[in-house]
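Visitor: Same order as they appear, the protein sequences are chains A and B.
Going by the working numbering, the first residue of the first sequence is number 1, and it counts up by one from there.
Going by the working numbering, the first residue of the second sequence is number 1, and it counts up by one from there.
It is possible that part of the hints are untrue.
[What the hints assert, rightly or not] Rough simulated footprint, nothing fancy, chain A against chain B, three-plus residues with beta-carbon under 8 Å: (1) 4-14; (2) 75-87; (3) 113-121; (4) 127-137.
[Claimed, not checked] DEER-style ranges, computed between Cβ atoms: (5) B/Thr91 <-> A/Arg57: 30 to 38 Å; (6) A/Arg68 <-> B/Pro85: 18 to 26 Å; (7) B/Gly57 <-> A/Pro45: 44 to 52 Å.
Keep in mind that the hints were calculated from the coordinates and are not lab data.
Think of the CB as a built atom: it goes at the ideal place given N, C-alpha and C, for glycine as much as any other residue.
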Amino acid sequence: MDGLGGFLSAGQVTVTTTSGAGHPPEFYAERLCDRLISIAETAPPEIRLQAQAYRERMQAVALDVIKRAIVSNHTTVINQLRKAGMNEAAELVFKLRS
Amino acid sequence: MAITNAMCNSFKQELMEAKHSFLASGGHTFKLALFLTSATLSASTATYTNTGEVATGGGYTQGGVSLTNVNPSIDTNTAITDFNPDITWATSTITAGGALIYNFTTAPNNRAVAALTFGGDKISSAGDFTVTFPPPAAGTAIIRIA
Chain A
1 MDGLGGFLSA GQVTVTTTSG AGHPPEFYAE RLCDRLISIA ETAPPEIRLQ AQAYRERMQA
61 VALDVIKRAI VSNHTTVINQ LRKAGMNEAA ELVFKLRS
Chain B
1 MAITNAMCNS FKQELMEAKH SFLASGGHTF KLALFLTSAT LSASTATYTN TGEVATGGGY
61 TQGGVSLTNV NPSIDTNTAI TDFNPDITWA TSTITAGGAL IYNFTTAPNN RAVAALTFGG
121 DKISSAGDFT VTFPPPAAGT AIIRIA
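Looking at chain A on its own, in the form it has when it is part of the complex:
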């Protein structure tokens, strides 16, 4: 591309699939950080390292929060199932928590 030129281009999507289950919390923690933190390819190496370290810390925080949210949601589901007399199903969901 010269100084006056330009180009129109399409980015590359990523496809992630699962079988018999949903995505793990790690998938969403990574996606969250991908959305929130981008590190310029042109950034100086020391800045890149610092940014990557920050990103890793944020991903760990996000993962922890997502896992807590899942457990919290399971608590709600378990209680709803028990109230409906579906104790076997409630036990199954309870086992998912561990």
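Position chain B against the provided structure of chain A, taking the given hints into account.
Guide: Structure of chain B alone, referenced to chain A:
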């Protein structure tokens, strides 16, 4: 017959004819439809049709799903736009090799925007089929003009 990653030629022209708006509020509705590896999608694709599209069933409905526009912006001298959130067909059984983003609003309807290859068959089985858009940055965004 193949799917290649490309901005559709008709879209390039139609941008100059102001036929596409990616504004989050008041912009057009863009959709993403899934296609079989055997489909033909390329820069020459001008309109969405269901030829070669994944069949309805297993959690997928032909025509695809609507995307949520993110206002276009400038990142390091590059105009970019994005769609957020990513798309997930949950509890689905789908096999697809590529996708087409198209404008569901512009008259005539269903004008193609971009053909996207997945690099081979991607398969979900009673699980999640997630299409993740690239980071919205100058070198990576799903649609960018430098």
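Visitor: All the hints need checking, so say for each whether the structure fits it.
Guide: Status of the hints after comparison with the structure:
Check result for the stretch 4-14 of chain B against chain A: holds, 4 residues qualifying (beta carbon to beta carbon below 8 Å, three or more required). Remark: the stretch 75-87 of chain B is confirmed as covered by chain A, as 3 of its residues place a Cβ nearer than 8 Å to a Cβ of that chain, reaching the required three. Figure legend: the stretch 113-121 of chain B, annotated as covered by chain A; annotation consistent (4 residues with Cβ-Cβ distances under 8 Å, at least 3 required). For the stretch 127-137 of chain B, the stated coverage by chain A is satisfied: 11 residues place a CB nearer than 8 Å to a CB of that chain, which reaches the threshold of 3.
In this structure the supplied range 30 to 38 Å holds for B/Thr91 paired with A/Arg57, their Cβ-Cβ distance being about 33 Å. Checked against the given bound of 18 to 26 Å, the beta carbons of A/Arg68 and B/Pro85, roughly 21 Å apart, stay inside it. For B/Gly57 and A/Pro45, the hinted distance range of 44 to 52 Å is satisfied, since their beta carbons lie about 50 Å from each other.
In summary, the structure agrees with every hint in the numbered list given earlier.
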